[in-house]
Amino acid sequence: MRDVATEATAGVVRRPGRAGLTAFGCVLGIGSFVATVGVTTTAASQIGARFDALKATEVSVESADPAEGATDSPFPPDFESRLGRLNGVVATGHRWELEGEALSVATRPGPQGAESQRLPILAVSPGYLTVARPTLASGVLFSQFHQRRAEQVVVLGAAAATTLGIHEAHPDLALWIGNRPFTVVGIVSDTKRAPDLVLSVMLPDSTADAWFGHRVQDERLLVETRAGASQLVASQAPFALDPANPERYVVLAAPDPRRLREEVETDVGSLYLILALVSLTITTVSIANITLVSVMERVPEIGLRRALGATRRQIATVFLAESGAIGLFGGLIGAAAGVCITVGVSVVRHWTPVVDLRLAVLAPALGAFCGVVAGAYPASRASRVDPVLALRH
Amino acid sequence: MNVGSITPRDDGPLIRLAGITRVYPGPPAVEALRGIDLVVDEGEFLAVVGRSGSGKSTLLNVIGLLDTPTSGRYDFIGVDVTTFSERELTAFRSQRIGFVFQAFHLLEERDCIENVLVGLMYAHWPRQDRRRRALEVLAAVGLSDRALARTGELSGGERQRVAIARAIAPNPALLLCDEPTGNLDSATAESVLDLLAALNRAGTSVLVITHDAAVARAAQRIVTLQDGRLDLVNAAAS
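If you read the protein sequences in the order shown, they are chains A and C.
Counting along the first sequence from 1, when you hit position 235 you're at 235 in the numbering used here, and nothing is skipped either side.
Counting along the second sequence from 1, when you hit position 123 you're at 123 in the numbering used here, and nothing is skipped either side.
For the record, the hints were derived by calculation from the structure and aren't laboratory data.
Honestly, I wouldn't trust all of these hints.
[Unchecked claim] Here are a few chain C residues that sit away from chain A, every Cβ distance over 12 Å (derived from the structure):
| hint | residue |
| --- | --- |
| 1 | Thr21 |
| 2 | Val23 |
| 3 | Arg51 |
| 4 | Gly78 |
| 5 | Ala214 |
[Said to hold, decoys possible] Here's a subset of chain A near chain C, in silico, CB distances under 8 Å, partners left out:
| hint | residue |
| --- | --- |
| 6 | Pro300 |
| 7 | Glu301 |
| 8 | Arg305 |
| 9 | Ala307 |
| 10 | Leu308 |
| 11 | Ala310 |
| 12 | Thr311 |
| 13 | Pro387 |
| 14 | Val388 |
| 15 | Leu391 |
Beta carbons: idealized from backbone N, C-alpha and C, even for Gly.
Isolated chain C, as found in the complex (with noise of 0.2 Å):
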């Protein structure tokens, strides 16, 4: 698919979900979101909090086109992707959404620049200007010195920083967090906590998803997920 066909709307929201519904077909048959109505602007730092269960991992997969929700609308930059086939989401996502896992995955038998690499090879970056920008992305999330590292080398910290490199080095329009720091120690998680405030300060959209309050906090806005519905909405906790 031709992603650079679709033409975003400008005046509007990053995205916005309206009604949105996750059902499991059982038996017995689950629903996990019920009735989702959420709005991400451009630029906006947002973490989603909820509890073991509460349908977050569902929300990030329908948010990030891994998964369909069974009902509502979802638009993308203005674009409609709940009408989307496999393969059109496929290449969206590429481009328009950057992942960031609580368990990294990388390439361990990769070095870091290599683990960057296959992010850009697959948002269809021209092959010429791939290595250039995955130097550039390592630069930006400090690990300059350690592109041909091997990842299974770093530490932590290193590791989770080379992912976020991958992630956004296609330059995407939202970066999609999952326990961004669920593995790491409270500095080293203080330390990818400000690399993310960071990019979001230079541009780039971030939604976080956690269970831990204090990662929400380095959040503009904070929402909470229980049961599948959308609780409560605050404000900016910093």
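Chain A on its own, in the form it takes in the complex (with noise of 0.2 Å):
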């Protein structure tokens, strides 16, 4: 065994040119495998992101010029309405965050201590969670009806209820915000939109505007559209809101559908380029290792040649013109044969083939290139070949 070793290695480091491009040819075998299959998996996962239908049924509405701590809501008292006419909403929501010293959260009555938690407080209208789409683990949501009579009732996020101690809603359970006592009315574990909410306290707004007031602190309306009209809506929601000042207002929006086609087409024509790469260097390596294999064959030809008068540059020339020859034969057939799987592919899917002529034509242009790179260090191997040495073979 270790005489086997021995003679193993000394066959590749006695050979290093030879050796280190067969284990290149191997390493980029190895390599394509894991990078098609790591740079399709992320594509995919690109791609899909670009596909969120949730992102983009989704607009945002800001105020241009927040004023920290101003009073008065950037937004008009029947947003709602407003945008609720726009052809394409389907829901309106309306949020702000509360913050302030006294602000803390406590499950027991009683002065500020050790047992009290800063956590998130949002203000939300019932809307606000209606557009969240959020899943209850307990309990309920608040309603319009709690909205209207600034019941104060609370619902939380699970992470918000978890470090409270808190497991299930239930009527009879309250905790103190800023010493005043709320309803923990429903836990909500998990959010579609919005996923801050999981690790907030939510009251309803009109609450929050009777016991704390109006602070502007992150305040946002976030409008589900139905698919395909986020963009009509971003365009309107400001006239809806100002029609005398709609600058007052940014809006964020998924993007355009067109835009979204094209960057999709990037993303998968990304993919393929890389992957293509990858296999024309597989290819000039391969056709490299068969050059080399071919020069290490032909040494006695090789002599005779340069006994018969070849000068070294004719000898490479040879080679060269070999494997770019190898190269354009087969890029001339891989071409065909790309345009054939590709013309098969789609049938069976029952798509439309799309094939670029150009790419048809630069094919075998760019297999006589490769044959040509590859061939290079062989082509320099063989120039070097000592006809003495060659004609004793």
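Build the complex from these two chains, which are given one at a time in their own frames, with help from the hints.
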């Protein structure tokens, strides 16, 4: 076994060029396998992200000039009905974040102490909870009823509930925000939109207004639209909210579907370009290996040609031309096979095949180029063959 | 290199070696040729005889311009070729020297005429004349009817004849033969030696390197190489 290892090592070390090329071919083979799987998955994820249906039906409206600590809301009180009249709007919600030294959350009344927690407290409209599409772990969400009456109720995000040691909503269960009691009516374990809700304590915005006053802090509207309507709603929302000063608002919406399509096409194009480049590199290394083996086998012939009067350059040119011709031939066959495969797959999948004829013409030239590049090292080796030694073979 | 620009001297010998040495650097260094003095005249048929390891192959490589001597002077048709660059040697060799090897060294996947054409190509023969010349030399070696046969399909004697045809096609000044009958049976060897003698009679200078005394007897003059030195210069055996 040790002898085999010694001989194998010597075989590799004594022919570093050949061994290196072979190893490089292997590296590329395995690398391309891993890269194909990895890049495909990454691209699929990238494309999936672009096609996020929820994001595509979401519009967010904020004040263009949020004044820190302002007491006036930038949005009109009837924002829900104004936006609801727009074609494509499904639901609208409003939220802002309450902040203040006194606003710590505790499960017991009394002076704020070690048992109180600093948690994000969000004033949200019932519509906001609808748009957020929460999953209830326990209890119910507050509704328009609670909103109209400014009821002292809260809904907890699951993480906030865990922090407070609350595992279930109950009519008898209360918590204190700044020494004011609130009934925990529900616990939300997850949301499709607005993921920060899971970390927060939520109360109706009318309740927040009544008890804590309105302080502008991260205030915005969240609008759910029908599929494909987000761009239209985004363009109309500022005018619906304040026709005289639409510039007061900044609107964030999902990308335009046409742009989205271009981005997806770019992602797919990048994926296949990377795979194609890996394939071309493998091809080049393969031709290099085969040409190098051919040089080794043809050492006596090279010696003869040198004896007959071939210069080193002529020998190198012959091998370069050979590998270039192999590349050209391979490129021709490959281009034809590629077109056939494209058409074949399209037929099976009922797609319309799209073949760029320029590529079909360019492919053989690319093959020839790969062949010439691959032949450079073997050709150089061939040109250095000593005719005296070669003719002894 | 334009070999045509070299003006050969008409009155001198074909080749003249004076004090030629060839030392292969070691370690240990091997002195393969030790002061060779040799003159070969135009139209001569010379045999260099020696045992294995006597320096025969080294001498053939030096005379054939495949190798350069360590020291000494080598004139070919009156031109000192030891001053040539590798490129000049290659060009000079392709037009002035023909090689015949023991192992034939033919392009097996090509046919006979293509093998001859390769020699003419490297000797820079005009493209339009090559085919005619190749057929001419194949006829001269008795292979007119096998011109399109693959060399892999030929007998040993026929293959050596193709090699001889390739060597003489560019009309070289010297035909260098390294054990030309080494791979042939005696009857075939005889016919190849007859062919070399006929070519010599037609004006081609022939230098044969061999360990076989029977082959050497075909030559007009025999020199013996021993331990890198020329020991004996014999008169013609036949």
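Let's test the interface hint: is any C-beta of chain C closer than 8 Å to that of Val388(A)? holds, 5 Å
For the hint on Leu391(A), just tell me whether its beta-carbon gets within less than 8 Å of chain C. holds, 6 Å
Holds or violated: is there a CB of chain C closer than 8 Å to the CB of Leu308(A)? holds, 4 Å
Hey, does Thr21(C) actually stay past 12 Å from chain A on C-beta? holds, 17 Å
Please verify that hint: Ala310(A), Cβ, nearest Cβ of chain C, below 8 Å or not. Holds, about 5 Å.
Evaluate the condition: distance from the CB of Arg51(C) to the nearest CB of chain A exceeds 12 Å. Correct as stated: the minimum Cβ-Cβ distance to chain A is 17 Å, above 12 Å.
Given a cut of 8 Å on the nearest C-beta pair, is the interface hint for Pro300(A) held or broken against chain C? holds, 6 Å
Against chain C, with CB atoms and a cut of 8 Å, does the hint on Thr311(A) hold up? At 5 Å from the nearest chain C Cβ, Thr311(A) passes the 8 Å test, so the hint holds.
Status of the Pro387(A) interface restraint (C-beta, 8 Å, chain C): Holds - the Cβ of Pro387(A) comes within 8 Å of chain C, reaching about 5 Å at its closest.
Regarding the assertion that Gly78(C) does not contact chain A, is the least Cβ-Cβ distance greater than 12 Å? Label holds. Min Cβ-Cβ 21 Å, cutoff 12 Å.
Least C-beta distance from Val23(C) to chain A larger than 12 Å: The claim stands: Val23(C) keeps its Cβ more than 12 Å from every Cβ of chain A (closest is about 15 Å).
Should the interface hint for Ala307(A) be scored as holding, given a Cβ-Cβ cut-off of 8 Å against chain C? holds, 5 Å
Of the hints listed earlier, there is not a single one the structure fails to meet.
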